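Using the hints, put the two standalone chains together into the complex.
Line by line, the protein sequences are chains A and B. Numbering-wise, my numbering comes out as the position in the first sequence, counting from 1, plus 31. Numbering-wise, my numbering comes out as the position in the second sequence, counting from 1, plus 5.
A few of these clues could be false.
[Stated by the list, open to error] A short, non-exhaustive set of chain A residues, derived as facing chain B with CB atoms under 7 Å:
#, residue
1, 79
2, 82
3, 101
4, 104
5, 105
6, 115
7, 117
8, 119
9, 128
10, 129
11, 133
12, 237
13, 240
[As the list claims (entries may be wrong)] Covered stretches of chain B (chain A as the covering partner; in silico rule of three or more C-beta atoms under 8 Å from a C-beta of chain A):
#, region
14, 335–344
15, 397–410
16, 413–419
[Claimed, not checked] Cross-link-like lysine-lysine pairs, in silico, DSSO-like; alpha carbons within 30 Å at most:
#, chain 1, residue 1, chain 2, residue 2
17, B, 548, A, 183
18, B, 548, B, 421
19, B, 421, A, 143
These aren't lab readings, by the way, just hints derived from the structure by calculation. As the structure is a computational prediction, the values presented were derived from the model and not from experiment. Cβ coordinates follow ideal geometry from the N, Cα and C atoms, glycine included.
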Amino acid sequence: MLEVQHLYRSYRGIPAIQDVSFKVAGGEVVGFLGPNGAGKSTTVKIITGMLRPNEGRVLFEGHDITEAMVSYRATLGYVPEEAHLYPYMSGLEYLQLVGRLRGLGEALIATKATRLLTLLNLESWQHSPISTYSKGMRQRVLIAAALLHDPKLLIFDEPLSGLDVVSGRLFKDLLELLAAEGKAVVYISHVLEVVEQVCNRVIVIAKGRVLADAQPGDLTRLMSLPNLESVFAQLVKQQDTRSIAQEMVEVMQIGNA
Amino acid sequence: MHDLIQRLVARLPLDFRVLYGQFLLRVIDLEALSIQADVPGFLGQFAGVLIMLSLVHSVVTYVGYVYITEAHERMAFLLHIQHYLIATTMLVVGLATVISWDATFPDRRDVMVLSSLPIAPRTILLAKMAASIGVLGLAVFTLNVASGLMLPLILGAQPGPVLGQFQSIPAWWFALIAASAFLYGSVLTVQGFTALLLPRRIFLRLSAFLQLAAFGVFLGVYFVQPSLTTPAALAAPGNQWILASSPSYWFWAMFNQMNGTLPAQLFWVAHRAWIWLGLAVSGAVLSMMLCYLRTMKKTVEEPDLVPGAGSFSWVPRVGNSLQNAVAQFSIRSLTRCRQHRVAYAFYLAFVFALAFSLLRTETAATAPIPLSLVLLAPTFLMMLFAVMGLRNVFSLPISLTANWVLRTTQVRPPEKYVAATRATLLLFAVAPAWLLSAALSLRFRPVIQVAGHLVVLALVGCILAEVCLIGFYKVPFTCSFLPGRANVQLTFWGSVMVMFTVFIPCMQFEQSALHEANKFGFLVCILVGCALALFAYNDHRGKSAVIHFEEIPDEVITTLKLNA
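Okay, chain B solo, but in the shape it has when bound (with noise of 0.2 Å):
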């Protein structure tokens, strides 16, 4: 088999081997990672979270057949699992298109570099659309390498394929195929006809506030869009529009359809996702055909220098010059650079998940709420997720070659960077995440209650900020974290242990104080001394931390194996 590939591999022509080699490791940009990071190993981490999830949902689908008893509840169990399948695959696709969003273009590096060489344009866009398929055939594969022969095996015994799992096993992973082809697609016919359509300069604005609304679109759609598990809701009058606008449930029928269990008053959302599929497809294809020669001549004659027409650019003022200088170089980086955005951004859609999840019950509620867990977790993850995310985001590295101004200019002790950063993460990350919470609290009462969360939230915040401190001897967006080295795997399984052993009894802890005077009093006491005493120890530690930056990334040589 490996001979076979080497054969067939070996019969592609070698400039398009070559680009398609290059194009892979430039998926996902390595500016993002540490000098010192294993890519690879790093790659490889993420497959196995996503294998470690198919296993998980392989054996919840597998608990669930065996212990639902009930027929039509074992139905829609299996109708829900099937349709929750699909969407992750989407959404997992959707975030890796969001991720390699440009990856299919040329850039302004292609360009200059393979415009010189005797390279078709055709070989380059095959190459980088290869480059982009195997990365999401990838993540498709690990995400459904366990689930996508339980959950087939578990259909194919049911009632409806003629030919059992064979039937079930093929349509399964044709539907999950199909509809990532048709995200890609989707993407990639909307990228393309922008950049053939836009002057070159406007494209690349409007795009990366494409890239963004993308996101927001995959994730908003997976938490928001209703779970229909039952044949009544599937078929009821007043579903049907959901049907119709959903795309995980037009690949679900798909699979229905060639598994020979839909419904023929459901043939029609069939229909929707082979029309879809087809337009998608063929969209890509044209769009890209058409867009690519002329993208290319659009880099080339871009002008490099346009003078700049006035600009307004207002950001906070935060406390003494250096403060100001640490905020406003984060909330630059952040806003402008897409990379840093997209990443926030991930962290954002969570917190914007839990908001809007929180409005959807005030608005459904026709009286005032009583205060408990509904309000009390959501807003404590907003909090964590703004801010751990503001931290994380802080490590992926700007421009390191540009960090020597930083030292150059560091006239100041280094206890003094630490509070720009404390200052930084206040302001960008805490504050906003309790205003949000603040707005989104107004429905619940008691108001005194209510009141005291925010006092509880607002000093989980402080805390949060300090805990991100620790070690942190850095400004923001100059040192690059260790990706490659950091276990990936622990930190994922890791904090799912710690949110249900640690962050659930401590809510219920909260409201339980929240009606005793002298327990919220305790509380607040000890809230307020870890958060005393964690800024007493990063001041410490900070006057004798050496700021760290770091400037020249280590040489690398790639080989082009062209005697391959």
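So that you can see chain A by itself, here it is in the shape it has in the complex (with noise of 0.2 Å):
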């Protein structure tokens, strides 16, 4: 369903992502992980069609989304990482401006709308203006946005931050039915254990470029390790924290008699 083809893209010349692939096919979730700076973010705005690339394409069913923006978006439901929403609106009425700017009808928006809110526990605020709203609920209006209009393809960056407990496990299992529904799923999220339980492959970047794209089970089990945690602390060779730690609060005593 989404191919992505050897992408470059640079910032003033520095390399933000290089020769990244993969694909996505429906009814699969598929992690996408990566330490900060890693080119997560450059590689989720090209495939959303925010920003374009300096080499490479990104192929939904077989087109270039950039031949098709228009039809492309029309598929996709997308929850970026910071929820960055209209402070002033109300919940329903952001679904409202969603809706429409969909082109679907009023009627429709209005029940799917209230239907959304109301599974999210947000009726009763969902005439209260956004900038009430807690970070969870934020998040919760930003999942709503995104299954609005019944995409194809969702793309779902830290989509559990601010989320309590009972929603991130409402989150966990309605991943599992977008995928039985034959949605393809790009997951991005710093919570390897949910990545672990909830997409079907990883694919781990770092430093721009593609390290490792196996199953979960896979990854494990070929580089003899425990958990993902491990696999991806030795993938990215991730530094020793507990040093870095210590080193902190001597720092935060220099100066002290």
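This is the structure in structure tokens:
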């Protein structure tokens, strides 16, 4: 369904991603992992059509998305990392705006928006301005907005950020059902336990390059490591966090008698 | 002198200096400006416009003084110019106060950042007040930099002041500063006591209405209050209520009292200025001192999360779903964001001032009024201010970081977005201005000519809307304009020139066309042709346009100069 081919993108001559390629099929939940600054956001921005690559292309159902961006966007649902919303609108009004921009009928918007807000426990808040929402509530509005038009491809960038335990569980169940419905899901997260639980496949990216693309079980088996966290640490050559923490405490105490 | 100021500044506490610098930059909301704007340059250009106005005022004062030779006419002219300059200064201070409405109060961001630092609340209060006073002081100074010398120099040469110009110059500047202090102090008093007495949530809602009300009052009083320009008019019993209720006359009287030129029977007006100045200043100090700690506590204690209890938010539906989305997004942005409301209120104030003046003409007439420029000019100007105002407000961004949703949901071609913006302009600017004009035309005759004018007005409205769309390949409120790069001076004076060279001849042509069927037909054909041509042009350009959204503001690095 989605095919990313040899993406390269640089900022002021500094490459952010290089030769990034992967595929996501319908019914698949693909985890996209990497440390800060690895190039995840750049890749996601290119996949969502918000950024153009210097090289490479993104195909959706065999077509280059830049050639049919309008129809591609109609099939895309996206939950960004930061919950940036128009703060003066209510949750219901925000969903109405998104529905209208996507060309849905008024009756359909009303039905879907109200039901999604109820299911996401935002019913009593639907008329309050988003500025009064907590981070988790904003995240739930974003998830509702991404699902409103029944997209074929869903991109979730840190969707559990700010969600409570119950909402987190609900979201994990939702991912499974979306995959069962044949949707292609790209799931970006730092919470490796969740990725291990919900993703069929994992792509690990570091310093702008894809380091691994396999099923979580295959990765742990191949590298003879107990879990995905250990695999991730080894692949991205994670620094010794304990010694860094120790050094930070020492810096903090400089100047003390 | 510079060294002396530096030494004096260095004596101020460091935390005060740092906060003052930060608050001074935030008196005007930077979110309204482009992410690439040159803020100091932008403010400098506004100061330039005020200085130019001051030069114009001083030239008019001098020319009027030299060319009016009749003693009583000269006195009337000088009385008028004194009152006009004081009233204009009060208007500018009032508008600056409205624009920086919340600048004196700590917002949630201030409280959250500063309350964890070892800074006394009084330091925050003083720094905030100093920043607001600094901006207001600059406005007063630039607006009077030339006229504030020219007028008192002339007045000092008249009989009355014992010390001549040495008396009139300080008296004039004292009166200007006192008038400004009265206005600023009054606003602070009202705000302070409201914040003190009301729960914070209600205060914030009420404060938004108070801001708009203050805006309307300042502009309304300026445009509507009559000018009393002769000693007889000032002394007339029927006019005493004007003197008693108009602060600009109080401070005019204060100046003349200090200048030694106030008739004894008007001393009560000057006394009113002194009393109200004292009340405003002491009220501001008292209320701010009392409310500051409490306001900061309220800001911290106010719960972030309160569920909503149903809401009525009807907005008219327009055309297809995209037009509906853009229109509703625009009207919600406009009505719910204070900064945008105030900006549009500035233009609407002109619309209502014109409407009010027209209404006053109609109510004063005992018989139907023959159609003339009395109707044509205000209605065209109302349409112009309504459309251009909305277009300009469209350029003020709401929340750049939230624009990603518009990009990811852009599932229709760009010309549809242009059409949606057109529908919004027609619905929320052209239609209301036309309806208001139609309502105000009821007393004018003959009816056929009035109907003809309304047809022309509607076509002009459509043309203005199309002109506003040229190059505007954006959704309203999603991109910022470049005020720091636009030449405010050129725009301001260019508009004044266009007004005199194009607008007035067009009015005269329309007036003659309304009397001749052939000429009127020709005028309508020209206007329809222009409207259609502009429509086709915008539609054609829209097809190949790329809808533009701004999203990521440049990172701002602020130097606190802690080692200064």
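Here's how the hints hold up against the structure:
1. Given hint, residue 79 of chain A at the interface with chain B, holds; its Cβ is 6 Å from that chain's nearest Cβ, closer than 7 Å.
2. With its C-beta approaching chain B no nearer than about 10 Å, residue 82 of chain A sits outside the 7 Å limit, and its interface hint is violated.
3. At a threshold of 7 Å, the smallest CB-CB gap from residue 101 of chain A to chain B is about 5 Å, leaving the interface hint in force.
4. Hint status for residue 104 of chain A relative to chain B: holds, with the closest Cβ pair at about 5 Å, below 7 Å.
5. A least Cβ separation of about 4 Å between residue 105 of chain A and chain B falls short of the 7 Å threshold, and the interface hint therefore holds.
6. Taken as an interface hint, residue 115 of chain A checks out: its beta carbon lies about 4 Å from the nearest beta carbon of chain B, inside 7 Å.
7. For residue 117 of chain A, the suggested interface contact is upheld, since its CB lies about 5 Å from the closest CB of chain B, less than 7 Å.
8. Annotation: residue 119 of chain A was flagged as interfacial toward chain B, and the flag holds, the nearest CB pair being 4 Å apart, inside 7 Å.
9. With its C-beta approaching chain B no nearer than about 6 Å, residue 128 of chain A sits inside the 7 Å limit, and its interface hint holds.
10. The beta carbon of residue 129 of chain A is positioned within 7 Å of a beta carbon in chain B (closest approach about 6 Å), and the interface hint is therefore held.
11. Evaluation of the residue 133 of chain A hint against chain B yields a held restraint, the C-beta minimum of about 5 Å falling below 7 Å.
12. The interface hint given for residue 237 of chain A is broken, as the beta carbon of that residue sits about 24 Å from the closest beta carbon of chain B, more than 7 Å.
13. The closest approach between the C-beta of residue 240 of chain A and any C-beta of chain B is roughly 25 Å, which is over the 7 Å cut-off, so the hint fails.
14. A stretch counts as covered by a chain when three or more of its residues have a beta carbon under 8 Å from one of that chain; for the region 335–344 of chain B and chain A the count is 4, and the coverage holds.
15. Note: the region 397–410 of chain B has 6 residues with beta-carbon separation from chain A under 8 Å; the three-residue rule is met and the coverage holds.
16. Look at the region 413–419 of chain B against chain A: 6 of its residues bring a Cβ nearer than 8 Å to a Cβ of that chain, three or more, so the hint holds.
17. The straight-line distance between the Cα atoms of residue 548 of chain B and residue 183 of chain A is roughly 28 Å, inside the 30 Å bound, and the hint therefore holds.
18. For a cut-off of 30 Å, the pair hint linking residue 548 of chain B to residue 421 of chain B stands: about 9 Å separates their Cα positions.
19. Taking the CA atoms of residue 421 of chain B and residue 143 of chain A, the gap is near 25 Å; set against the 30 Å cutoff, the hint holds.
Consistency note: the structure conflicts with the earlier hints numbered 2, 12, 13.
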